Each structure stands twice: as C-alpha cells, then as structure tokens.
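Generate the whole structure from the sequences, applying the supplied hints.
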Amino acid sequence: MTQSNRLNQGGRIDRSRSLSFTFNGQRYRGYAGDTLAAALLANGVDVVNRSFKYSRPRGIVAAGAEEPNAVVQLGKTEAAQVPNVRATQQALYDGLTARSTNGWPNVQRDMMSLVGKLGGGFMPPGFYYKTFMAPASMWMTYEKVIRKGAGLGRVPSENDPDIYDHLNQHCDVLVIGAGPAGLAAALSAATSGARVILCDEQEEMGGSLLDSRETLDGAPADQWVKTTLETLAGMDNVTLLPRTTANGYHDHNFVTLHERRTEHLADTAPKVKSVRQVRSRLHRVRADQVVLATGAHERPLVYANNDVPGNLLAGAVSNYIHRYAVVPGNKLVLSTNNDHAYRAALDWAEAGREVVAIVDARTNPEGDLVKESKSKNIRVITGSAVIEAKGANRVSGARVAKIDLERFAVSGQVEELACDTIASSGGYSPVVHLASHTGSRPTWSDDLLGFVPGDVKGMHPVGGAHGVYALGDVLADGARFGLKAAKASGIETTKSAELPRTEARQDAPTRALYQVPHEKPTLRAPKQFVDLQNDVTASGIEVATREGFESIEHVKRYTALGFGTDQGKLGNINGMAIAARMLKRSIPEVGTTVFRPNYTPVTFGVIAGRHARELFDPERYTAMHQWHVENGAAFEDVGQWKRPWYFPRKVNGKLETMDEAVARESLAVRTTVGILDATTLGKIDIQGPDAREFLGRVYTNKWAKLAPGRVRYGLMCKDDGMLMDDGTTSCLGENHFLMTTTTGGAAGVMEWLELWHQTEWPELQVYFTSVTDHWATMTVTGPDARKLLSEVTDIDLDKEQFKFMDWRNGKVADVPARVFRISFTGELAYEINVQANYALHVWKTLFEHGQKYDLTPYGTETMHVLRAEKGLIIAGQDTDGSVTPEDLGMFWAIGYDKPYSWIGKRALTRPDTARKDRKQLVGLKPTDPKVVLEEGAQIVFDKDQAIPMDMQGHVTSSYYSPNLKHGFALAVVKGGQERMGQKVYLPMSGGVTHEAEIVSTVFIDPKGERQNV
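Quick note on numbering: the sequence shown equals residues 2 to 1014 in our numbering.
Derived from the structure by calculation, the hints contain no laboratory data. Since we're looking at a predicted model, the values are computed, not measured. Ideal Cβ placement from N, Cα and C applies to all residues, glycine included. Among these hints, one or two may not hold up.
In silico SDA-like pairs for lysine to any residue, Cα to Cα no more than 25 Å straight-line [claimed, not checked]:
no. : residue 1 : residue 2
1   : Lys227    : Ala477
2   : Lys77     : Asn160
3   : Lys145    : Ile164
4   : Lys488    : Gly455
5   : Lys853    : Leu841
6   : Lys227    : Leu8
7   : Lys966    : Arg907
8   : Lys926    : Arg911
9   : Lys485    : Asp474
10  : Lys845    : Glu792
11  : Lys77     : Arg18
12  : Lys812    : Asp929
13  : Lys788    : Val712
Pairwise CB distance ranges (calculated) [stated by the list, open to error]:
no. : residue 1 : residue 2 : range
14  : Gly734    : Ser552    : 53 to 63 Å
15  : Ala915    : Tyr143    : 41 to 51 Å
16  : Met981    : Asn160    : 16 to 26 Å
17  : Thr495    : Gly235    : 13 to 23 Å
Printed below as a string of structure tokens:
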C-alpha cells in the first residue's frame, strides 16, 4: 500500500531510510523517525482496534501518551511479545510486527461487534453486577466467556530473551518534561550549577515546540530546541534522558523513570560483541527538587459517534503534519471552543487539503488565529458545534448545529457537512497525574477550566502543567522555577539562562464545553463517548448518577471511567463535568478521582530489572561452603542460604541415609565434639547512646544492666504480643551490642528495628548495621569442646573465667575472633566469630587439631534434633504468629516491671492472650518408642470422638533421638502446661491413631549441668 497520506516534503522524518513493518498481517512502509501511529496514518489505515465493551471500530485519536485506542501487541516471535503498547509512543523500526489487541477474526470484521450492535442497549453501567450474579451455579460458565472477551493483549508463553536493569540516581533538580517550560527550567537550573536530570517520554525532546507554528528569536522554534539541547548535552552537571517516562512520583521526591533504551531498534534488544544490550531501564531517582513540566492534554469534545475512525484531537492533527508530514485525511471539519485549535485548520490548509469548516462554540471569537483563518477564506461557523459524526469505519460527514449550553440543547437547524476527518478540541487539562501520586489533591481553576497540581513539598509545576500556555510566559515560567528549584536545593548563584524572544499572540477566552447537546436526550442519542478506552459514554455517567452514585470515585468504579492504562488522560474532566451537571453541582464540588502509578504501562521486565532468573532469589554461601561441598554435605535452603543439612559418609560402600547420618552426628556431639557452620544467623550491630533503651523496648526482657562481656537471650514480639523472633544479644561495650536473629528472620528483624526507630522513636540515638556477611560463625560443641578450642586460642577458657553466657575477644588460629559461650545444643559450646575472609582457615585449623577428638561436622537436621532434646524453640516452626512468650512458658524472659513499655506488652494484657486454654508449648513422648510423630499432626483428647473431632493442638517439631533411643516431639496443646502426664491422641489419615504423653519440653539435662560444665 502506498503512503497516500504522506506529504512530499516536510516533517522531522529521515526519508533516506525507508522501513518495512507489518500490522495485522499486512506489510507497509514508513520512514525512520515515524511512530507506528504516524506510519499507519500515512498508509491510510483507519481501523486500528476494536473497542473494549461494544467492539466498535476505533482509529487513532491522539499523538502521545494520551492515545486511548491504538493499543497494540508487539513482537515478531512468541518470546518477543509485548502487550499494551501505544502506537503513538512506539518508534518505527525495520521489521516491526504489530497487531490489534481486540477483534476476531480481525479488526475489519469483528464478530463481537454484533454483540455491541444488537446488545449494546442491554449493557449499561453495572450490567455485569446485575446480570451475572444469578444463578450462582452458572458463574463459572459466565467467567470463561467474560475472561475471553476482556483484556487488552496477551502475555508471551515463552521466556523473555531480554535483560533489564535498575539505576539509582541522585540530583539537585529533576525536570520532568522537555517541552519549552522543561527546557527553560533545565537550562536555568544547570546554568546555576545544580545537578540536573532532564527526562522526556518522547523520542525527541522539545515537546510542543516540535510542531509549533511560532518562532523564537525570529527562527522556527525547533532551532532553539536544537541549540538548547546541544548546550545541555555539553554540561557535565546535566543528564539527558529521552524516551524516558516518569511513571511514579513517591514521597520525599523519589521518582521512578522508565527509560526505553533499545525498544526503538528492534523487538528484542540488539547484541554488541555478542552481549545483549539492555532493553529498558528503571531509574530510581531521589531528587532534592522536582520541576513538573508535564504540559497539558487536549480534551476532545463529547458528541455523538465521536469514536468513529477519523475523529482526532486538533493538536494531534498539527503534530502529525509538522513532525511526520502526515495529513490523516482530505476534508476536515474542526470543532472547538478555543483559539489554539485553529492551528490544526491552518496547518491542514497549508498542507494542500480542504478545510470544510471551523465550527466554534463561541459566539464571537476574535483571536489572532481566528483572524488568520478568516483571512484565508476558511469558513467559520460560530455559536455551534459538531453534534454528531457520520460514518461506520471512517468518518463520512459531520452534523453541525447551533447549541444553547444554558438549556443544554440544540438551538438551530442541523447542517450536514461532507468530510472524512473531524478534529475537535475542548480545551486543555494540565497533566496532574504525577503530582497526584503523592496523595496531593489537585485544585480546580475556573480560569483554566481544569485542575492544577496541589502542593507537594519540593515540587514546582511549570508551564502547561499549571495552566500557563502562552509561549513567552511558558519559557519565563520554566526559567524562573528552574532557578528557584536550584536555590532551594542549596545552590547559591546569581546566574540565569538567557531566554529567546517570542512574538505575543492574542487569544480569546475558552468557552466551557464538555458535552455537546444532541437533538435527542443523551440516553436516546447515538453513543457519545467520554472514555474511549473503556467505552464509557455520557449516557452511562447519567445512568450512574440517576442510580444514586454521587461520589466521583463511585461513578468511576461503576462506569470504569478512567480505568486501565488510560488513567483518565482524555476523559476524566469531561466525565466529571457531566456528573456535575446531572448532580447540579460544580466541578470542584464533584472533585476528581485519585491517580495512581504507573502513569503509562510499564513492563514487568523493567520492574524486575536484574532480579530475574538466577538473580531472582540469589543463593548465598558461607565462607566454608566449598569445604562442605568437598566433604559431601547434602544442602537445604534456609532463607536464601545453602546450609549443610547433614554429612553422609560411606559405610561398607554405601552412603548413609539422612537418618543414619543424623544419628551418628547427634551421638558425636553428645559424647565427643561436633562443629556446625552457623554463619547464616542474622547479625545486627547496634550502637548509640540509646542502644540499651532501644533494646529494652523491642525485647520482652531487661537490658539496662547487661554488662560488657555478657550475653543475654531475648524474645521479640510483634505489637500483637505474638513472638516474631528470638536470639542472643551480646554487650560489646557500654553503648555497643551485637544482636543475633534466626537465619530466615534476619532481614525482617532489621526492617522491624528501623521501622520502630524511624516512625515511633526517632528521638533515640541508635544505629543499626547488618553484619551477617561480615562475620563467619562456627559452633564447637560437646564434652571435648574446651579441650579442642584451648589448642588454637589464646583465650582463657577456664570455667570460672569464661562462664556460660559470657563472650571474649582473642585469637583463634591466630585470627582475631569473638568467642561466645552460648549453647543451642545443651552441651558445652563455643560460638566463634571471625572475619569471613579468614573463616575457612580457622575451620580447617580446628579440624587439624580435632582429629584426636573425632571432631564431627553436623548439619541443620542434627542441630534441630539436639536443640529439641533441650526444649529450645525455632521461631517460625514452634511458633506460627499466634504464640506468645507466655504460651511458650518463658515467663522468666518477660519484664512486666520494666519502666518503659515494650512492643507487645499491651497486647499480652488482653483477655484473649490471658486465656488458660490457649495453645501452650509442651513435650510429647509417644507411647511406642519407635514412632516419630508427623509434624503438623493434629492432637485430640478423645480418640473415640466422632468426626469432626475437636482439635486441641498440633505437633510443631518431631524427631527420633539416638540419645534418648525413642521418638519425641514438641507441640502446642490447649492448656498444655497444666496437663503434664496426660495422654493425648493423634489420628492419622491412614486410620492409625498414635498415643503420646504430655511431658516437659526438656528431654536431656533438665538442670543444665552439661552446658555449665
């Protein structure tokens, strides 16, 4: 197909580079510099999609991020599929393959359109809720049909071949938008010496100046754009980011930027020297000040059949003519309520096409563009509007009539004008989306007929973003706030950027017009679309208000106004105005909906960045990992760590089973000496004058008198009083502590400490540093532990000099170390902490000296057996978020008389947490010594009770003990602490019921003599 709508000259395209692309299976050609939308219009493609609800044919309406219809599926191969790409934002490249997201079997002949034509009247707002709720048995059938018809594209079924990344950045001033205001702001801030990041979502920076009819310094406006960008690019303190959309504006001027780095080159990122390049990047920018230069979106007029292909925004018409040399039709009717839209008609006429008429809702427009249009003998019809578009797959005419907005009625004869294109403009809406992401509510301006951004600390709206539209004023506004932002960031300067000379243009006031009346009432007239992407009509909004929906948020949810990828860019103001008219309120009284990130669709790939495949959940290894591998360890995943599970040996040519290995390791620890790699325990360094006070608030027990050189076990609760983590904390100095946590809980505890410090107790001077990776930990435990360690350390290990729950500094294997006398086995034990780089040397040295003691490495499974024999809990296994310290019987670790309340204390005074029948930790001894109870098995008191039986508790940990020579378990049982010696029963799924006796949780050495030896 020839490019029938392409002009022979003009535009910002590179005509020397002809590109081939495919749309819906048809091959077309375009030029480098085209967007996909521009190339489709150049080739005369009218229907690009089918509408969401009614399956009506839809064409291209806009030229930027506000495009509601031309949402396409990209990708030549299955792996390269990308849904929901706006054709107006996708740069054309050779070989591009795109297809419509809706329409079966194709967009020209869509079978679903029969549903829209025949059943459209039966699909008012809320029909889904009213129609598919009964009978309930049919819902699964309804759901399949609804899901088949829903959506705007599909996800690929193959893995994405591309890579994505994240970049953290800081700057003094972030300028969002590189139109005239943004360029002036960036130039002003950068000249002052501020570090500036300038981003813009378009392929080229320049914004409205790239299709402007105005001049700067007597030359075309794009010449000033070129000079300014060259100046900025030459400044070391400026970063330019074209093709980069600010998608989310968060607290404290944290802004996420989506940079499309190679999406304009191919459907997968190219390779350079066999290395695939990054497809897109997420910049995480923390800016001191933000200049919001996002401009304004032109609003379409709402009239009958305004969705027929060939209905475009007036500004889009000028954009396609100036930037791409594309005139999307032959005969134009322009319907407007403002002067600025007249440039579309002037551009159309200068391109050699016919302007049938300009239809102006104002009775006596007198601006400069109006006069220029009249001087070129373009017919101007005043006090009127296009009330209806004619045509099916393309506009064939426009019905025009005088209108009376006071009565909301047509007030004159209808004239039908033959045309193939209708351009409309209902005024401009400042782009407030990003400012609204922070929770700031925009405010209505009667002068601008639009909302402007609310106040956000450190944010400066400029230009069209806060309703300044005259070019000279826009440039001055940008420069002024750019300098103000630089000074607010701490830059002391008197320098200012020099601005170009502009020619003032006189514009007449805009007339408020949001919906054009029709001869018929709105509910009877042909559909008047407000939100083109979601098929929301003016009649739908009227129905919603008549059905009692008065809050604009409720109207939004009932009708889908502003839903989806569109986020109300074109339709929200018109929709609010229609609701306001029906409710007999003003627009500010009705208010606006809440805009949320993301501003435009963002791929999951760029959100994930490099956190995918092998980096999605990284494997963490201890410093001794290679030794474990070489010595045959079997591993288990604990958090992200690879921990030795057990160390099977070959016995008589056969490798031990896990049970055999665990039995051998357990006996070794109880009879000689064993060693465990405990590096993975979380370690948090806590310092500051208020460190003790802070510990007293986050732990249940007391910390005020813990002396340097001593260690204490602590319980940490959530604010609901339930145990979240436990561990030891050592006093390294008067204001210096080392906290240990469970392996899986390390990150959560660190976050918990920071949360309470930053939000509840910021006055406390205390600082936290995760040192888990800095220190490697090895536990030497067993009756011979002191003998072994004494051979490799200079620390005095005498039991009177180095007592249980003490720690000492010294050297182990000539390496500086901290040695803690704490035990998770109930045996004599020492935990050795050394700088991780030296850990393997220390580990190997211990084994060299440990041969005579038969030093045995053991893994996590043996650790669990040993600690359970001693009645020591694992947070998250023996607790489940519903267990309090009292439930565990740890009254000795609760400081109810501490001077300052601690987290969870108040919750423990609730009647629910004081109940006597709460599940409490107990030991279980099976009647049959060979039985190992299943973890999670339910406990009942009456084995003969009929099903459903009353569950009285469950098993939390269960093992076979080679030391006890029978199975044993820990469990939580209702009122268990008062039930010692009672028999309980555990019915299993196979029909077997096990019997067990409730006993103490401590199965070995209840007096603690072994660990205190």
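Quick rundown of the hints versus the structure:
no.	hint	in the structure
1	Lys227 to Ala477	holds (19 Å)
2	Lys77 to Asn160	holds (14 Å)
3	Lys145 to Ile164	violated (34 Å)
4	Lys488 to Gly455	holds (21 Å)
5	Lys853 to Leu841	holds (20 Å)
6	Lys227 to Leu8	holds (24 Å)
7	Lys966 to Arg907	violated (43 Å)
8	Lys926 to Arg911	violated (33 Å)
9	Lys485 to Asp474	holds (16 Å)
10	Lys845 to Glu792	holds (14 Å)
11	Lys77 to Arg18	holds (21 Å)
12	Lys812 to Asp929	violated (49 Å)
13	Lys788 to Val712	holds (22 Å)
14	Gly734 to Ser552: 53 to 63 Å	holds (58 Å)
15	Ala915 to Tyr143: 41 to 51 Å	holds (49 Å)
16	Met981 to Asn160: 16 to 26 Å	violated (57 Å)
17	Thr495 to Gly235: 13 to 23 Å	holds (22 Å)
Checked against the numbered hints above, the structure violates hints 3, 7, 8, 12 and 16; every other hint is satisfied.
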